[in-house]
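Undergrad: Given next are the chains, with one letter for each unit.
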Amino acid sequence: MGLDMQQLIGEFSNEANEFLEKAETEIIELEKNPDPEKINAVFRYIHTVKGNSGMFEFQNLSRLSHALESLLGKFREGSLTINKEYIDLMLEAVDRLKLMIRELDKESTFDISSMTEQLKSAAAAEQKKTVTETVIDELAVTEEDIIRAFTEDFLKESAKEAEKNHQFASVAVLDLMEQRFQSVGELAEFLSQFSVNIKKRLLLTDNIPEIEISSEILPFGFLIVSDLDTKEFFKKYDLRPKFILTLYSPIQLIQSKETNPKQEKQTMETSDSYLRVRSRLLDDLINLVGETIITRNQLFQRSAFLNDPEGGNILSRMSQLITQLHEKIMHTRLQELNSINQRIQRVVRDTAKNLGKQVEFQFEGGEVELDKTMIDTILDSIIHMVRNSIDHGIETPDERIRKGKNPIGKIRLSASLQIGNIQLVIDDDGQGLNHEMIRKTAESKGLVPSGTVLTQEEIEELVFLPGFSTAKAVTETSGRGVGMDAVRTSFKKLGGNVHLKTVFGKGTSITAVIPQTVTVISCLLITVDQTRYAIFQKNVSELIQFDPELFTVVNGVRMYRFRDSMLPLVHLGKLLYPDRDFKDEAEYVVIVKSENYYFGILFDQMIGTEEIVVKPLGEFFSELKLFAGATIMGDGEAVLILDIAGISEFEGIESKNKESESTKTSSELKKETGYLLFEIMEHRFATSLEYVTNIEKLSNFDFEDLSGIKVIQYKEDIIPVVSLSDVYNLKGESNQDSSFLIIVSTENKEIAVMINEIVDIVYDIKIVEDDRYHGESVLGHSIINDKSTVIIDIQDLISKISKVQFSWIGKHLDIQQKQTAEEEKTAQASAG
Amino acid sequence: MADNGKIQLLTWMIGNQMYGADVKFCLEVQKDISVVEVPHSKKYISGIVNLRGDVVTVLDLQVLLAQKETATRERSVIIRFNSRERQVAIKADAIRDVLEIPFSKLEDAGTRLSSTETKYLPYIAYTDSTFLLILNIEELFVVK
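For the protein sequence lines, the chains are U and C, in the order given. Following numbering that gives the first Met the number 0, the numbering of the first sequence begins with 0 at its first residue and continues without gaps. Following numbering that gives the first Met the number 0, the numbering of the second sequence begins with 0 at its first residue and continues without gaps.
Some clues are possibly wrong.
DSS-like, lysine-lysine: derived pairs with alpha carbons at most 25 Å apart [unchecked claim]:
(1) Lys624/U x Lys42/C
(2) Lys21/U x Lys352/U
(3) Lys119/U x Lys83/U
(4) Lys37/U x Lys119/U
(5) Lys573/U x Lys41/C
(6) Lys573/U x Lys42/C
(7) Lys537/U x Lys492/U
(8) Lys696/U x Lys714/U
(9) Lys41/C x Lys491/U
(10) Lys492/U x Lys41/C
(11) Lys624/U x Lys41/C
(12) Lys230/U x Lys163/U
(13) Lys730/U x Lys709/U
In case anyone wonders, no lab produced these hints; they're calculated from the structure.
Can you build the whole structure from these sequences, using the hints too?
TA: Spelled out as structure tokens, the structure:
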């Protein structure tokens, strides 16, 4: 067996697999809609598989597909009607065929006798029709087949020629064995007596694989041009064609014109066909076009030195073409998610059937496109989750009726495009998960220490721990020890993640996010200490010049005031090169957004934006989360691409288990501000940063006394100062040197709150309501960094205090404001 | 590995020591390429380079072998290795000849080197003037 044969068999198995998958889809569809068109389609797929199997002498494949085909034949001729049992049987047969294709080298060892027997007896159930008819049916040549065999162009050309000469042109399909002729030559000779010319003849079995080679008849297709009407002629001389396709007829011009549009449409469809291309070739193309883009960028840099406007025009035209080329090539690897629909439908159907449940599966967003390798990677996870939903989520019909639910459970898979990401959601309306049960299971398995206080979200996270499985017994359907941790791992491998939300009794919703890989991405290029770095443009929210006024650094926590909120600021230089010396300040700030949080990145210089080709960093950096990859610049140097999510994680900005809520994206900054952790007299406090507009050093201000109330001048305003140690009556050592003012804005006025020490900014704290920590505007307490911390609502506190203490200041300020406003008015009036 | 019982080795210098590797793993040698440091990466990683459009990781053999002297010059030679479709590069000070050495002349390095070293340098070969340490390329890919 030579290499060619190997290759042919490879192609055969690919093709057979594809046809079987298509057949499977149609069979599943048949259950809902027994459309004769679909039966025909399945019949053809199976027929092709049978024909090709016979060609390669795969006996078992060919026998089984023959049996299946015979059953399908019954549906086609209408002697049997499709029902659930038949569908099951057919799906089983398709599975067997697929299995054999997968293990072609063992094909001959498969035992298919019982399967074929089942199919045969099913087909024989109502065998009433005559056998002779079906024999003729064996040769199911269609117009499409003929067009394919002779090629469209050739047929059109022949029709045109016939039209010019006012002749008939048609294609006749004959099998010689049924005629009186022993050879094609004899037939041709006979025909030529009547000036009937065979322009072209094809042995159709060579060109249409559908036609069975093992059959005794040898169908020939003849393209005939003659002065006589071919149909009439054949009838007259008792030639029995299987099929005649009239290409051109000078007599029936009107009639043929009528049918023309339909034919046109059909040929159009066939011409927009698909080619099977090796995916390796596509990978090569993608790499090559990536190289081309890099080279183009190099050329561009050079061209700046050339003083040739015309050359520049050509260059930019070429550049555009390369961009377009790249886009097209990237699309070749993309595949619609619809391609997995059938697999999942099948899983849903089988799983539900095995468990005696009724499930309706909905698939939305199938048009979303993903890289093929990604689809392959996530498919198993999706199947696993869908199985889980049916097994653990959806109740039995009886139970559902008892609960007042529709006996048919619903599972929905929806895909949608987010910013640079693809979001997959799997919802079900099943029984959901009991949070308490999850916690107990996790405790009993030693995954969490017993008695741990956990939020609902944290409990939902436990499901993803390795070794967690709520199934009481290992079932065949799910719970094979793969579990949700494997699902999460597979999504994480692709740079995504997965989370779960469940409402006990109502259902479960699993959300997975994966980045859509497009290897050429627009990036912002910046420098830090002379080294270039790239940031994905999709992460960039805003680019601003650094303003020291808005910058605060306290105990290594850097914050930047941006549109009335304090954003954490990452000093890129210090982050990347901890050994080097940097000033606290830098030239620029880029406001970036990771999954949930906005934060600023401080850097030195900006180079600009550029289209870059993203290359993976490789296995040596698998643990390094700071970089998303690398690219090669026009000058040939490699540049690292910053991974914003990784940086925020590295800096502790990102918390682990937030993101399900982040899907409600908006251009606005989200109020995920975190909590400011501070100390007063060595007591720890925290308050939401939401109302904190700035943090100032106390030493920068002079206190003034305004009728017994401390005030400071702050930004051309007089604002009162509140000492929290007085409010809470705290005693202890105060270190006056490191005191700060938190500027809090409330009801459009600002108030300064005096504290001793800024500790940190923290996110996602658990606030526990506790009687021991009662007091004015105390929300509760929390353990942060191993210290008991009182969480206060500073805005609430300030508004309460100001109502009592500063009411007159408020009035005073109001009057002042009114006065100034009036002054301005009069000034304007006099100016006008 | 060449036939007739000989191995062809590409040799290079790091400091005063000569190293060699089977030529079949050697993809290319490049001079004057700037290695871009990757912050927070492992100590034995010098950085990444662009070699004909591929981003290749450059390892620092000196660190990997726990050698004290890392007198590698700023701009050095990059040798790219390829094994089973995986690629890695190392830095060297200078490239020397390709030597053909009979297998019989390869000696177990265990007697001369520490266990950390022999992991990467299983063999020693003696030439007229000096001895060279032979690098096991495969081992570079399983560096942890």
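Undergrad: Which of the stated hints cannot be reconciled with the structure, identified by number in ascending sequence?
TA: The structure conflicts with no hint, since it agrees with every one listed earlier.
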